[in-house]
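S.K.: Both chains are given apart, each in its own frame, so use the hints to dock them into the complex.
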Amino acid sequence: MSTEHHTSAEEVAQLANPSAPADAIPAVDPRLLVREQGLSGYLSEFGRKMRAGDLGSVPVVIGLIVICGIFQGLNANFLSPENLTNIAITMVATGMMAVGIIFVLLLGEIDLSVGSVSGVSGALFAVMAVTHGVNQWVAILAAVAAGALIGAIHGFFFARIGAPAFAVTLSGLLFWSGAMLQILGSNGTINIDPDGPVGQLTTYFFTDVAAGYGLAAVAVVGYFLASFFDNRRREAAGIPSRPVSEIALRTGLLALFTFGPAAVFNQYKGLPLAVVLFVLVLVGTDFILRRTSFGRSIFALGGSVEASRRAGINVTGIRITVFAIAGTFAAIGGLFWASKIAAANQSAGAGDLLMNVIAAAVIGGTSLFGGRGRTWNALLGVMVITSIQYGLALQGIATPIQYMITGAVLLATVVIDSVTRKTQKTAGRA
Amino acid sequence: MVHVSAAPVLALRGVSKRFGAVQALTDVELEIHSGEVVALVGDNGAGKSTLVKTIAGVHPIDDGVIEWEGKPVSISKPHDAQNLGIATVYQDLALCDNIDVVGNLFLGRELKRRGVLDEVEMERRARELLTTLSIRIPSVRIPIASLSGGQRQTVAIARSMLGEPKLVILDEPTAALGVEQTAQVLDLVERLRERGHAVILISHNMADVKAVADKVAVLRLGRNNGVFNVKDTSQEEIISAITGATDNAVTRRAARTGEAGK
Chain A
1 MSTEHHTSAE EVAQLANPSA PADAIPAVDP RLLVREQGLS GYLSEFGRKM RAGDLGSVPV
61 VIGLIVICGI FQGLNANFLS PENLTNIAIT MVATGMMAVG IIFVLLLGEI DLSVGSVSGV
121 SGALFAVMAV THGVNQWVAI LAAVAAGALI GAIHGFFFAR IGAPAFAVTL SGLLFWSGAM
181 LQILGSNGTI NIDPDGPVGQ LTTYFFTDVA AGYGLAAVAV VGYFLASFFD NRRREAAGIP
241 SRPVSEIALR TGLLALFTFG PAAVFNQYKG LPLAVVLFVL VLVGTDFILR RTSFGRSIFA
301 LGGSVEASRR AGINVTGIRI TVFAIAGTFA AIGGLFWASK IAAANQSAGA GDLLMNVIAA
361 AVIGGTSLFG GRGRTWNALL GVMVITSIQY GLALQGIATP IQYMITGAVL LATVVIDSVT
421 RKTQKTAGRA
Chain B
1 MVHVSAAPVL ALRGVSKRFG AVQALTDVEL EIHSGEVVAL VGDNGAGKST LVKTIAGVHP
61 IDDGVIEWEG KPVSISKPHD AQNLGIATVY QDLALCDNID VVGNLFLGRE LKRRGVLDEV
121 EMERRARELL TTLSIRIPSV RIPIASLSGG QRQTVAIARS MLGEPKLVIL DEPTAALGVE
181 QTAQVLDLVE RLRERGHAVI LISHNMADVK AVADKVAVLR LGRNNGVFNV KDTSQEEIIS
241 AITGATDNAV TRRAARTGEA GK
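Line by line, the protein sequences are chains A and B.
My numbering numbers the first residue of the first sequence as 1 and each following residue consecutively.
My numbering numbers the first residue of the second sequence as 1 and each following residue consecutively.
Just chain B, same shape as in the assembly (with noise of 0.2 Å):
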């Protein structure tokens, strides 16, 4: 089900960032095209969220090269990065408890007929949306807070499909979520690579990378730590590759257990 494109849509060449004393990100090379779900993954502290701050431009970088479509580009605001077609998706969830659907999926951009807001042409648009993500929400007319956890995470991946990204950044998309809810989501990110977009998702659940990811870059000490392509990779290897050592508690208990298993 991939669809690989000549050139990748986002290139990182060499990135490195420093904050103060610490080196945070060290030569990180990272390729995603069109139709591909990468799946960052890194234990905590390994520079996933700086990485992807990088990308989305509220951290520009010190040294290295993004490459945007094959172009060498400059990423060193939000802007910058929203201009280009990178829509990012942060953890906490970026939306109004009390504005409805509609309001929130077009708050800050709104659309307006003769100056005045057109609750009609918004509505209709956010319909339309909805129904090609096969998102299922009881109304787009209630406020968020009537909605489930993750229907409020798909209103906000939704949110940011309105701009027609090229790349779409999920920062823990399924973090807080229930075991139907993550499926919802996945089910999203699934269909986002099936309309051609390249996603970066970012996850500490191997069972969601492994279920929608094409390939697993992991980080390490803010250093590449390989990269696996999801189908031929054992669990225990990209966990070993996060840990960075293959004698760890999991791959101990999985020796274990195997053994007891003959």
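Extracted from the complex, chain A is given alone in its bound form (with noise of 0.2 Å):
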């Protein structure tokens, strides 16, 4: 075997002169199949992601457009305000735990007890807050931090024990579910106060139009102005930018899903409070994860545990806190499941919530086998399965029947999922 030594022209400049100029390697490699600038650019690169296997978010949204078309078509109903609004109340409590499972989702593991979880975390408020008379604010503080103290007993079994999270959380579903009937005790069903701030949750409407409209002006706004002074920091440090074209195309994509919905809700009794509360938990979420070295940190968790090791990251903290995360929002979820049937009662958490919470992550397109997804994904993934739930219910479908299109629904996704990942690495993506 021979020395493969060879030395090209360029490089005997650099060994000539070590302190060759920065630019001595093109900003862009010829090899990289670059996006050229402007608009067609990005259809082009559009189309090559799609055959990488890099759909993206592209199946669920024409999947939610055919959803809806059918239902639509059934039911001339299904896409009044009125219909629209419910949906996207009632989504709000599987969409806040379809969140907390996406961390878990994120690091490659999973969570089964968060319906449990939602369940104790409204058997806990209810019983404080209507059977012991406690402030309600401190209910919802002490529900909401039991919820949190769960998940980091899960994650301290499964981080610090080492033993599988699914089976952890499997022993959890039972568990939790067990207390909450112990908690509810031999009432069965406890009837909220619909004025406090519970019962409010899927309850309030900001009435007024302007705070739908401004809302949205505002989240359009703050985009453009942090994609523009991002790409502005971006050209003065002599790194590639986006195109000016492709802030204003996003821009122009963001106030059409800003601004239709606003109007939608405008046309029946205004902007939900539900909605807003969730908007503001998936944009703090996201940021937390792209934008700090914890959301960092569980990323290269779902990638390689080893390296992540290796790279100083505290392993075990950070798996904790992710439950911890998990358990939160899966009593946050609860309480908008009790403020929805006004009640916290014995089958709160239980039948196919579960399922929904993780075929809403994972319909989404965060992915099963980690390190891949976004906690945006909730929305998307929540939108498709309450739709489906309530076009069933428009049409009178039996719960049964329900069931079995949710399952088949969450195993097509999953099937979607692998395949994509499949893809991807023949794409060398994954």
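Hints listed in this document are in silico derivations from the structure and should not be mistaken for laboratory results.
Heads up, a few of these hints could be off.
Pair ranges (Cβ atoms, derived) [what the hints assert, rightly or not]:
{"id": "1", "chain 1": "A", "residue 1": "Ser245", "chain 2": "B", "residue 2": "Arg114", "range": "27 to 37 Å"}
{"id": "2", "chain 1": "A", "residue 1": "Gly133", "chain 2": "B", "residue 2": "Pro78", "range": "52 to 62 Å"}
{"id": "3", "chain 1": "B", "residue 1": "Ser234", "chain 2": "A", "residue 2": "Arg160", "range": "32 to 42 Å"}
Calculated from the model, a selection of chain B residues having no Cβ within reach of chain A, i.e. all distances over 10 Å [as the list claims (entries may be wrong)]:
{"id": "4", "residue": "Arg13"}
{"id": "5", "residue": "Ser16"}
{"id": "6", "residue": "Gly20"}
{"id": "7", "residue": "Val22"}
{"id": "8", "residue": "Ser49"}
{"id": "9", "residue": "Val52"}
{"id": "10", "residue": "Leu84"}
{"id": "11", "residue": "Gly115"}
{"id": "12", "residue": "Glu123"}
{"id": "13", "residue": "Arg141"}
{"id": "14", "residue": "Lys166"}
{"id": "15", "residue": "Glu172"}
{"id": "16", "residue": "His204"}
{"id": "17", "residue": "Asn224"}
Among the chain B residues that face chain A by a calculated CB cut under 10 Å, a handful are [claimed, not checked]:
{"id": "18", "residue": "Pro72"}
{"id": "19", "residue": "Val73"}
{"id": "20", "residue": "Asn104"}
All values reported here derive from a predicted model rather than from experimental measurement.
Ideal Cβ placement from N, Cα and C applies to all residues, glycine included.
M.R.: What follows is the structure, encoded as structure tokens:
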């Protein structure tokens, strides 16, 4: 075997002059199929991503349009402002839990206990606030803190003891649903104060038309300014930046998806509080995942635990925190659920809730294999799941069939996830 | 091309290490100067990895002295080694496939601006680093999964350079690579030397060793079995030092073909 050591003319120049100018390497490698500037380049990049299995949100959006089309065809009321508002409010409970489970899925783990934990949270709030007359805000804090603690306990057994997360949270599933029944006691159902903070979660509307449009305007302007100044900094640092046309396109799309819903909500009762809170949670968690060291560590753990450990990441700490986050959002989801049915009852957190939460996260595009996903996935996924439920309910289709359809949708999504992963591997992107 | 400085960056004096009933290292001596590439070779089980792990602080030594820039130091945990300026690139790559090149380079030591990840500064520094090392990758913003094995290895090595270490230890950096990719990594090793880093290169591949190393330190059954200047040593001499015998398959074959050629 001969030594493979060839020196190109350029490298000779580099050797002769070690302090060669920093731009010796062009900013863009010729091998990179780099996106041409402007909109046409944007479209060709999009096409290439599709073929490489980087489907992103496209199948979900198409699926959502198809679902809406079918149900609208079956029942003209499906796309009415009233029904859309109801879907938007109902989806928040499941959506909050899905945000929590996305954190766990990013690690490549699973939390099967979120349904039961949400039940515990609702029951705890109701018993404290209604039966014992504790201040409602204190009860809310206690319920959410209980969720965080439960999640941390699961995380401890998984991260510190080394038990599989699947087994730990499966035990939690049964344990905490038992705990919920114990907390509720013989009462069975406890009605909550409809005018209290929890009661208002799903019933309060910002009736002023300006609220919805104002929020949409803040989002659009904020996004544009953030992108603009980020680009300015990138240009100043001499690294590639986005073309202005792309920023404009993205801002335009954002405007469409904020002012559109705002207009729909304003045609019914106004902007629902629940939706505002959900969007705030999505923005906040997305920021944490993509802009902080903590978020980066979560993705790193989903990619390679060993690499993360060698990089000095506190693996145990991150894992416990992530499970605590899942528990916290399960508890928050439980409060929204209690608000929706105006009570804490024995069936809370049971049935297809857990499946819907996992389905929402996965349908939205979060990978079950870890390391890939965003909390915004929860929004898309939960829209699909809730739309199907509402559409089927409008048609008077009974629960057994609903369960079967939800199950089938989840399976289809998992299949898409697995196939995507395979395609991405062959395209060298996973 | 060997710039030998006064005191060696790292010197091992009579280092020994025991694991239970196994004497893994016995009285090992090793010296590395800055701007020097020392290849550490030996058969399987000769103690190469153990030696590297004692330097990297994974296994503290039982006996002997480790000198850093002429002064005795104690390296009892990986952190000690890092603080001295020793960076280790292990054989199995310590990179996350799902994170882009910039993210991997700064993993665990992200740059922040008002508590938030400073992606712009990290990307700028990453490009700067890759440019100084003449590492060519398509983009610093693509996931590691999109890179070839050689590119990944160069990224892993570049990652170790971020802390400006004085000594870089490369554990079989070309073991799983193809011809072109091996050349990339070897080029990078030469560039490290030019920039004045001391490099310990563990390798099984004599061609690699001959190509980039200045000195070859041979370990055999946990003991020194000679330090050779690469320039004036034949491959057979090194191999016989590794195997502990001049009479082996390689030398026999060489002798046979030599005779046949006459």
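S.K.: Take the hints in turn and mark each one as holding or not.
M.R.: Tested hints:
For the pair Ser245(A) and Arg114(B), the supplied restraint of 27 to 37 Å holds, since their beta-carbon distance comes to about 30 Å. A hinted range of 52 to 62 Å for the beta carbons of Gly133(A) and Pro78(B) is consistent with their spacing of about 56 Å. Judged by the Cβ atoms, the range 32 to 42 Å given for Ser234(B) and Arg160(A) is violated: they are separated by roughly 55 Å. Listed as a non-interface residue, Arg13(B) keeps its Cβ farther than 10 Å from every Cβ of chain A; the least gap is roughly 29 Å.
Every CB of chain A lies more than 10 Å from the CB of Ser16(B), the least distance being 27 Å, so the non-interface label holds. Consistency note on Gly20(B): stated as away from chain A, and its beta-carbon is indeed over 10 Å from all of that chain's, at 25 Å minimum. With a minimum CB-CB distance of about 25 Å to chain A, Val22(B) clears the 10 Å threshold, and the non-interface call stands. Residue placement check: Ser49(B) keeps its beta carbon more than 10 Å from all beta carbons of chain A (closest about 16 Å).
In this structure Val52(B) is separated from chain A by more than 10 Å, as the shortest Cβ-Cβ distance comes to about 14 Å. Non-interface status of Leu84(B) relative to chain A is upheld: no Cβ of that chain comes within 10 Å, the nearest being about 16 Å off. Residue placement check: Gly115(B) does not keep its beta carbon more than 10 Å from all beta carbons of chain A (closest about 8 Å). Residue placement check: Glu123(B) does not keep its beta carbon more than 10 Å from all beta carbons of chain A (closest about 5 Å).
Separation of Arg141(B) from chain A is inadequate, the least Cβ-Cβ distance of about 8 Å not exceeding the 10 Å criterion. The claim that Lys166(B) is not at the interface with chain A holds, since no C-beta of that chain comes within 10 Å of its own (minimum 18 Å). No beta-carbon of chain A is positioned within 10 Å of the beta-carbon of Glu172(B); the least distance is around 16 Å. Here His204(B) stays apart from chain A, with its beta-carbon at least about 12 Å from theirs, past the 10 Å limit.
For Asn224(B), the non-interface assignment is confirmed: its Cβ lies about 26 Å from the closest Cβ of chain A, beyond the 10 Å cut-off. For Pro72(B), the interface hint is violated, since its Cβ never comes within 10 Å of a Cβ in chain A; the closest pair sits about 27 Å apart. For Val73(B), the interface hint is violated, the least distance from its beta-carbon to any beta-carbon of chain A being 21 Å, above 10 Å. The beta carbon of Asn104(B) comes within 8 Å of a beta carbon in chain A, closer than 10 Å, and the hint placing it at the interface holds.
Hints 3, 11, 12, 13, 18 and 19 from the earlier list are contradicted by this structure; the remaining hints agree with it.
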